[in-house]
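Engineer: As they're listed, the protein sequences go chains L and X.
Under the numbering used here, the residue at position 43 of the first sequence is numbered 50, and the numbers go up by one with no gaps.
Under the numbering used here, the residue at position 156 of the second sequence is numbered 559, and the numbers go up by one with no gaps.
Derived from the structure by calculation, the hints contain no laboratory data.
Computed from a predicted model, the values in this text were never measured in an experiment.
All C-beta atoms, glycine included, are put in the ideal place defined by N, C-alpha and C.
Among the hints, erroneous ones may be present.
Said to hold, decoys possible - For the chain X half of the interface with chain L, some residues (derived, Cβ under 8 Å), not all of them:
1. W487
2. Q503
3. M505
4. L509
5. L511
6. C525
7. L561
8. A635
9. D659
10. F660
Claimed, not checked - Derived pair list, reagent style DMTMM-like, types lysine to aspartate or glutamate, alpha-carbon separation capped at 25 Å:
11. X:K591 / X:D602
12. X:K452 / X:E480
13. L:K221 / L:D150
14. L:K154 / L:E236
15. L:K64 / L:E74
16. X:K465 / L:E236
17. X:K465 / L:E46
18. L:K221 / L:E236
19. X:K733 / X:E532
20. X:K465 / L:E181
21. L:K276 / X:E480
22. L:K14 / X:E657
23. L:K14 / X:E494
24. L:K276 / L:D97
25. X:K711 / L:E46
26. X:K452 / L:D144
27. X:K733 / L:D22
28. L:K14 / X:D655
29. L:K276 / L:E46
30. L:K14 / X:E532
Spelled out from the first residue to the last, the chains are:
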Amino acid sequence: MVYAQPKVLTPSRNDVLVLTPWLAPIIWEGTFNIDILNEQFRLQNTTVGLTVFAIKKYVVFLKLFLESAEQRFMVGHKVTYYVFTDRPADVPQVPLGAGRKLVVLTVRNYTRWQDVSMHRMEMISRFSEQRFLHEVDYLVCADVDMKFSDHVGVEILSALFGTLHPGFYSSSREAFTYERRLKSQAYIPRDEGDFYYAGGFFGGSVVEVHRLTKACHQAMVEDKANGIEAVWHDESHLNKYLLYHKPTKVLSPEYVWDQKLLGWPSIMKKLRYVAVPKNHQAIRN
Amino acid sequence: MARRRLALGLAFCLLASTSLWFLWGYVEDLLLVSYLPYYLPCPALFNMKLQFRQKSFQPVTKLQYPQPMLLEHRPTELLTLTPWLAPIISEGTFNPELLQNMYQPLNLTIGVTVFAVGKYTCFIRPFLESAEKFFMRGYQVHYYLFTHNPAAVPRVLLGPGRLLSIIPIQGHSQWEEISMRRMETINKHIANRAHQEVDYLFCLDVDMVFHNPWGPETLGDLVAAIHPGYFAVSRQQFPYERRQLSAAFVADNEGDFYYGGAVFGGRVARVYEFTRGCHMGILADKANGIMAAWQEESHLNRHFIWHKPSKVLSPEYLWDDRKPQPPSLKLIRFSTVEKDNSWLRS
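Isolated chain L (complex conformation):
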């Protein structure tokens, strides 16, 4: 394979940090050569699972999510979409490319949207053990009210990855919306914290995702028993987990963005996975 030589004295990006202090790569456009990575992962015959929850009215997001994933998510690699829904009949028929399949997993719904969001951890944890371990190598856990607007590929895959929340990538740790009440399992003191990770896009190897989702679920059960609910629900618990179990890759906000709220700053060379406009009142009922 022919490609340009990497230059030791020329950093790939000089406007952003590309390596965390614990030596996890931070993935920005320009830091990676997708051809080298594609070859490495194809040689392993990598299969990627993508979990997405479409509960109650959220089924309406599935078509655009899946169609855009077909165009941009792990193209050229084996993919299994795991669609968790309480309305299997409403899952749209989206034509899938070669080596890609869709599995519908019927689950219960919850009345409160916060509970729907939080119980994703429990469901992913349970299915990881039962199924995902035998079917895929990596799991990507994504929000459904989004679309893939640019390439999202094997550059994200590693043992455990989190994504920088687009609202906080330039904030200092005191401003992160961590859970700040000591009573909660998700509590993080003001002088701790590396990044604020987004609850809508995380993943890793099946083993590590299982560990993470199980730990988060147990922490949420504990919180419920103590009569407290973390300020940002599963996202708060995710942040607690990733503080003490450092991710092996961190994805830049290119991988979770909201163009309506945040525009398109020059630091973002690509917007890969973006929010789809939604009416919060209507959709959350």
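Take the given structure of chain L and dock chain X to it, following the hints.
Structural biologist: This is chain X only, laid out in the frame that chain L set:
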């Protein structure tokens, strides 16, 4: 008349072929590198199913450290990430306390292979003494010292949890041979012992000294170090093996970095596979009567193009003291000892 012609013709052919045969024999001796007789090791040894030690990650304990600054206003001088997303380790890219916090609880044992054959035994003391000060402080370390002359190994005081094993090997009159056999020796050593004794293995040259800390920032699945002589030049100028006949051949448009043969390592399983690959290349070359330009370093470089390292050490980890230290390299940790090659290799 015709029969006479035939007889003459046949005699001429016989004479020509005989003299050509003699000529070839003479030229062959000139062309071939003179190799010592080399036994082919049992192939089964290279492909053994070994039970490697397993470790899983533990959570970090609470630690106070400054928040990582995502939006750098000061450009870094060195590339810190390869195009295949392997970190390039240099001072300032990592937080040593944080890494210590993450790795210490894993109770790891780090192995080091080092070869001291012939006059190279004189380097053992400075190597070991400096390693005791700077190499993987706070971890269990097992030095595997391969030498033809165990009696020449000096007594060096080692800290707690640190062991030295002296393993006798055959010496050789040709230094190239000694150098190249290391791949096979390391591979067999892993199969015989190291896979049960250590989690990570580093293979280091002995004619070097540690000057600054070398810690868990260097641990990875497969680790290479950038050669200090070639980090600022383009790949066409890398001293790869350029003859197509060699198994170590690298074309002009190939290559990422030029890695030094003096430092490589990783998880024991990966080092086992890597040394096997390099050694097979060395054997293939022997069969074809060729020796790569920089011996096993050429094969190492060929293999690191195919099997990219998961972590790359900057020239801080493999320096040449004869070179002036550039401002982009902040902390030289491991570098060559001044030596007289002609005396050493005689």
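Engineer: Next, verify each hint and record whether it holds.
Structural biologist: Verification of the hints:
Hint status for X:W487: holds, given a least beta-carbon distance of 5 Å to chain L, under 8 Å. Annotation: X:Q503 was flagged as interfacial toward chain L, and the flag is violated, the nearest CB pair being 11 Å apart, outside 8 Å. Checking X:M505 against chain L: minimum C-beta separation of about 6 Å stays under 8 Å; hint holds. Restraint check, X:L509 versus chain L: the minimum CB separation of about 13 Å is more than 8 Å; hint violated.
Annotation: interface hint on X:L511 violated; nearest CB of chain L at approximately 16 Å, more than 8 Å. With a least beta-carbon distance of about 33 Å to chain L, the hint placing X:C525 at the interface is violated under the 8 Å criterion. Taking 8 Å as the C-beta cut-off, the interface hint given for X:L561 is violated, the closest approach to chain L being about 28 Å. The criterion of a C-beta within 8 Å of any C-beta in chain L is met by X:A635, whose closest approach is roughly 6 Å, and the hint holds.
The closest approach between the C-beta of X:D659 and any C-beta of chain L is roughly 6 Å, which is under the 8 Å cut-off, so the hint is satisfied. Interface restraint check: X:F660 against chain L, minimum CB-CB distance 7 Å, threshold 8 Å, status holds. Distance hint between X:K591 and X:D602 is fulfilled; the C-alpha atoms sit about 16 Å from each other, no more than 25 Å. Distance hint between X:K452 and X:E480 is unfulfilled; the C-alpha atoms sit about 43 Å from each other, more than 25 Å.
For a cut-off of 25 Å, the pair hint linking L:K221 to L:D150 stands: about 18 Å separates their Cα positions. Distance hint between L:K154 and L:E236 is unfulfilled; the C-alpha atoms sit about 29 Å from each other, more than 25 Å. Our distance criterion of 25 Å between C-alpha atoms is met by L:K64 and L:E74, whose separation comes to about 18 Å. With a C-alpha separation of about 23 Å, the suggested pair X:K465 and L:E236 falls inside the 25 Å cut-off, and the hint holds.
Between X:K465 and L:E46 the alpha-carbon distance is near 39 Å, which puts this suggested pair outside the 25 Å criterion. Restraint check for L:K221 and L:E236: satisfied, since their Cα atoms lie roughly 17 Å apart, inside the 25 Å limit. Under the criterion of a C-alpha separation no larger than 25 Å, the hint pairing X:K733 with X:E532 is consistent with the structure, at around 23 Å. Restraint check for X:K465 and L:E181: the C-alpha separation of about 17 Å stays at or below 25 Å, so the hint holds.
A distance of roughly 22 Å separates the Cα atoms of L:K276 and X:E480; the hinted pair therefore holds under the 25 Å criterion. As the CA atoms of L:K14 and X:E657 are separated by approximately 14 Å, the hinted pair is consistent with the 25 Å bound. This hinted pair checks out: L:K14 and X:E494 have alpha carbons roughly 18 Å apart, not beyond 25 Å. Taking the CA atoms of L:K276 and L:D97, the gap is about 36 Å. The hint is violated against a cut of 25 Å.
Using a Cα cut-off of 25 Å, the hinted pair X:K711 and L:E46 holds, with the two alpha carbons roughly 11 Å apart. Between the alpha carbons of X:K452 and L:D144 the distance comes to roughly 23 Å, so the proposed pair stays at or under 25 Å and holds. A hinted pair counts as satisfied when its Cα atoms are at most 25 Å apart, and X:K733 with L:D22 qualifies at roughly 21 Å. For the proposed pair L:K14 and X:D655, the alpha carbon gap of about 16 Å is at most 25 Å, so the pair holds.
This hinted pair checks out: L:K276 and L:E46 have alpha carbons roughly 24 Å apart, not beyond 25 Å. Taking the CA atoms of L:K14 and X:E532, the gap is near 35 Å; set against the 25 Å cutoff, the hint is violated.
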